[in-house]
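S.K.: Chain residues, written in single-letter form:
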Amino acid sequence: GDSVTQMEGPVTLSEEAFLTINCTYTATGYPSLFWYVQYPGEGLQLLLKATKADDKGSNKGFEATYRKETTSFHLEKGSVQVSDSAVYFCALSSYSSASKIIFGSGTRLSIRP
Amino acid sequence: DVKVTQSSRYLVKRTGEKVFLECVQDMDHENMFWYRQDPGLGLRLIYFSYDVKMKEKGDIPEGYSVSREKKERFSLILESASTNQTSMYLCASSSPTGRIYEQYFGPGTRLTVT
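Read top to bottom, the protein sequences are chains F and P. Those letters in the first sequence? Residues 25 to 137, per our numbering, in order. Those letters in the second sequence? Residues 474 to 587, per our numbering, in order.
These are calculated hints, taken from the structure and not from any lab test. Glycine residues also receive a C-beta, built at the ideal position from the N, C-alpha and C atoms. Check before you lean on any hint, since a few could be wrong.
Covered by chain P, per the in silico footprint, the following chain F stretches (three or more residues, Cβ under 8 Å) [as the list claims (entries may be wrong)]:
no.: 1; stretch: 35 to 44
no.: 2; stretch: 123 to 137
When the alpha-carbon atoms are kept at most 25 Å apart in a straight line, the in silico DMTMM-like pairs for lysine to aspartate or glutamate are as follows [stated by the list, open to error]:
no.: 3; chain 1: F; residue 1: Lys80; chain 2: P; residue 2: Asp499
no.: 4; chain 1: F; residue 1: Lys76; chain 2: P; residue 2: Glu495
no.: 5; chain 1: P; residue 1: Lys476; chain 2: F; residue 2: Asp108
no.: 6; chain 1: P; residue 1: Lys530; chain 2: P; residue 2: Glu575
no.: 7; chain 1: F; residue 1: Lys73; chain 2: P; residue 2: Asp501
no.: 8; chain 1: F; residue 1: Lys101; chain 2: P; residue 2: Glu575
no.: 9; chain 1: F; residue 1: Lys92; chain 2: P; residue 2: Glu575
no.: 10; chain 1: P; residue 1: Lys528; chain 2: F; residue 2: Asp26
no.: 11; chain 1: F; residue 1: Lys80; chain 2: F; residue 2: Glu93
no.: 12; chain 1: F; residue 1: Lys73; chain 2: P; residue 2: Glu575
no.: 13; chain 1: P; residue 1: Lys476; chain 2: F; residue 2: Glu66
no.: 14; chain 1: F; residue 1: Lys73; chain 2: P; residue 2: Asp499
no.: 15; chain 1: P; residue 1: Lys476; chain 2: P; residue 2: Glu575
no.: 16; chain 1: F; residue 1: Lys84; chain 2: P; residue 2: Glu575
no.: 17; chain 1: F; residue 1: Lys80; chain 2: F; residue 2: Asp108
no.: 18; chain 1: P; residue 1: Lys543; chain 2: P; residue 2: Asp511
no.: 19; chain 1: P; residue 1: Lys544; chain 2: P; residue 2: Asp524
no.: 20; chain 1: P; residue 1: Lys486; chain 2: F; residue 2: Glu66
no.: 21; chain 1: P; residue 1: Lys530; chain 2: F; residue 2: Asp26
no.: 22; chain 1: P; residue 1: Lys530; chain 2: P; residue 2: Glu495
no.: 23; chain 1: F; residue 1: Lys73; chain 2: P; residue 2: Glu490
Given the sequences, and given the hints that come with them, work out the whole structure.
M.R.: In structure tokens, the structure reads:
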């Protein structure tokens with residue numbers, strides 16, 4: 025079945041550091057890929073998405089590129105801020121999963137001032 | 474903007490009580506979902522619904538039931554709460570845009586069963 029694997033946390037970085045959170049997936053066909061973010065005490069909100077190979081999703085300085093050849097969708101940001109501290113979830117939606125979204129286990133990110 | 478609201482942010486119940494968690498969305502979405510979130514386990518799907526009066530079991534339906542009498546409202550019911558149901562409960566809704574099923578989440582209900 026469809027699945028998402030993302031790097032385990034927690035990840036701790038200093039402010040202005042470069043961020044990469046790895047995400048790989050297994051799915052039939054051509055899934056849509058998402059990154060969701062959960063700030064402390066809140067629900068999940070969509071950060072970015074990509075729907076086909078080589079698409080780049082971007083938002084708030086974060087980027088991720090849909091790589092079909094490596095089945096990956098890694099999240100990157102060039103210079104993180106304290107306000108980026110949150111839990112990040114990689115996720116996919118595919119034809120076989122219908123309207124359901126398959127989530128990774130989440131990666132907790134903490135940014136030191 | 475899509476808004477998904479949940480009836481309570483925090484709830485404390487006793488073992489054996491019947492618990493209702495309510496979720497309302499205002500964007501006429503067909504699909505609604507209930508998840509629970511636990512440390513180290515990520516999000517796990519409890520139940521979902523494609524339409525009014527329709528429901529499907531997710532990955533962990535045991536100990537839960539749901540009700541969807543109106544399109545905008547999806548209720549999660551714990552028939553007899555137990556301590557292992559202490560968790561964060563998240564509701565979501567979605568409707569396809571093309572073939573993309575982006576989900577919109579509520580703020581969550583943190584339930585403690587004592």
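S.K.: Work down the list of hints and note, for each, if the structure agrees.
M.R.: Here is what the structure says about each hint:
1. 35 to 44: It is violated: at least three residues are needed, and the stretch 35 to 44 of chain F offers just 0 whose Cβ sits closer than 8 Å to chain P.
2. 123 to 137: With 7 residues in contact (Cβ-Cβ under 8 Å with chain P), the coverage given for the stretch 123 to 137 of chain F holds.
3. F:Lys80 x P:Asp499: violated (30 Å)
4. F:Lys76 x P:Glu495: Distance of about 35 Å is beyond 25 Å: violated.
5. P:Lys476 x F:Asp108: Roughly 23 Å between the alpha carbons, so the hint for Lys476 (chain P) and Asp108 (chain F) holds.
6. P:Lys530 x P:Glu575: Answer holds: Lys530 (chain P) to Glu575 (chain P) is near 20 Å, not above 25 Å.
7. F:Lys73 x P:Asp501: The given pair, whose Cα atoms are some 22 Å apart, holds under the 25 Å limit.
8. F:Lys101 x P:Glu575: holds (22 Å)
9. F:Lys92 x P:Glu575: Roughly 20 Å between the alpha carbons, so the hint for Lys92 (chain F) and Glu575 (chain P) holds.
10. P:Lys528 x F:Asp26: holds (21 Å)
11. F:Lys80 x F:Glu93: At roughly 15 Å apart (the allowed maximum being 25 Å), Glu93 (chain F) and Lys80 (chain F) satisfy the hint.
12. F:Lys73 x P:Glu575: holds (9 Å)
13. P:Lys476 x F:Glu66: Holds, at roughly 14 Å.
14. F:Lys73 x P:Asp499: holds (23 Å)
15. P:Lys476 x P:Glu575: holds (13 Å)
16. F:Lys84 x P:Glu575: holds (18 Å)
17. F:Lys80 x F:Asp108: holds (20 Å)
18. P:Lys543 x P:Asp511: violated (29 Å)
19. P:Lys544 x P:Asp524: Cα-Cα ~7 Å, so holds.
20. P:Lys486 x F:Glu66: holds (21 Å)
21. P:Lys530 x F:Asp26: holds (17 Å)
22. P:Lys530 x P:Glu495: holds (18 Å)
23. F:Lys73 x P:Glu490: Violated: Lys73 (chain F) and Glu490 (chain P) sit about 41 Å apart, past 25 Å.
Going down the numbered hints, you'll see the structure goes against 1, 3, 4, 18 and 23, while the others check out.
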